[in-house]
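Respectively, the protein sequence lines represent chains A and B. Residue numbering for the first sequence follows the working numbering, starting at 184 and increasing by one per position. Residue numbering for the second sequence follows the working numbering, starting at 91 and increasing by one per position.
A portion of the hints provided could be inaccurate.
[To be verified] With a straight-line Cα cutoff of 30 Å, these simulated DSBU-like cross-link-like pairs (lysine-lysine) come out:
1) B:Lys106 - A:Lys197
2) A:Lys192 - A:Lys254
3) A:Lys192 - B:Lys160
4) A:Lys253 - A:Lys192
5) B:Lys106 - B:Lys163
6) B:Lys106 - A:Lys240
To be clear, the hints were calculated from the coordinates, so they are not data collected in a lab. Predicted, not measured: the structure shown is a model, and the values here were computed from it.
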Amino acid sequence: NAGVTQTPKFRVLKTGQSMTLLCAQDMNHEYMYWYRQDPGMGLRLIHYSVGEGTTAKGEVPDGYNVSRLKKQNFLLGLESAAPSQTSVYFCASSYWEGENTEAFFGQGTRLTVV
Amino acid sequence: AQKITQTQPGMFVQEKEAVTLDCTYDTSDQSYGLFWYKQPSSGEMIFLIYQGSYDEQNATEGRYSLNFQKARKSANLVISASQLGDSAMYFCAMSPIFWGGYNKLIFGAGTRLAVHP
Numbered sequence: 184n185a186g187v188t189q190t191p192k193f194r195v196l197k198t199g200q201s202m203t204l205l206c207a208q209d210m211n212h213e214y215m216y217w218y219r220q221d222p223g224m225g226l227r228l229i230h231y232s233v234g235e236g237t238t239a240k241g242e243v244p245d246g247y248n249v250s251r252l253k254k255q256n257f258l259l260g261l262e263s264a265a266p267s268q269t270s271v272y273f274c275a276s277s278y279w280e281g282e283n284t285e286a287f288f289g290q291g292t293r294l295t296v297v
Numbered sequence: 091a092q093k094i095t096q097t098q099p100g101m102f103v104q105e106k107e108a109v110t111l112d113c114t115y116d117t118s119d120q121s122y123g124l125f126w127y128k129q130p131s132s133g134e135m136i137f138l139i140y141q142g143s144y145d146e147q148n149a150t151e152g153r154y155s156l157n158f159q160k161a162r163k164s165a166n167l168v169i170s171a172s173q174l175g176d177s178a179m180y181f182c183a184m185s186p187i188f189w190g191g192y193n194k195l196i197f198g199a200g201t202r203l204a205v206h207p
């Protein structure tokens, strides 16, 4: 059982380049999320999805776009990368069981924009 | 606005001793959940424990317990019998409880715990 898998694990981009981060989960979870983690800070929510075909903005959505064409996949796009987007990106998924809505995280993608 | 505050950037504990990691939160939501995650040096986020705002009893999961004091808006993590493998970054997080059960986690800045032999 792979859980939440992020591709790629590392990437270096030049300013202005574009890229897509892929998140795949095999747990049939309804909800998926993209977070970023900067040094000395906790994770911050970029975008999230409450179901196939739906997306919504989180705390820090500017400069990112997302898509959820299939339930198991959640894509994060950077159209024109900036050095401020250098960060570790985490994808997560969750489901509803009673009250606990624990999020399961991927292993992270370390992105450097030069 | 919601906010999580972890006032201890770093903590040290002797192996086999107990340690408390502090977390205070601010929210105007009536219904919310509190989470603790562990991030070892390898970088993954590991869920430890959850406490719902309406839970009257403190949550426990093995060696982890959550000391929930709603009036004081605190949700401290207690690790009993510390092990060397507990050395990691620990994050407190909170989310409103939405209908349908999805979450929007707000994280604190974290506490780095070092367990000494």
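Status of the hints after comparison with the structure:
1. B:Lys106 - A:Lys197: 48 Å, violated
2. A:Lys192 - A:Lys254: The given pair, whose Cα atoms are some 22 Å apart, holds under the 30 Å limit.
3. A:Lys192 - B:Lys160: 39 Å, violated
4. A:Lys253 - A:Lys192: 21 Å, holds
5. B:Lys106 - B:Lys163: Holds, at about 29 Å.
6. B:Lys106 - A:Lys240: 43 Å, violated
In this structure, the earlier hints numbered 1, 3 and 6 are contradicted, and the remaining ones agree with it.
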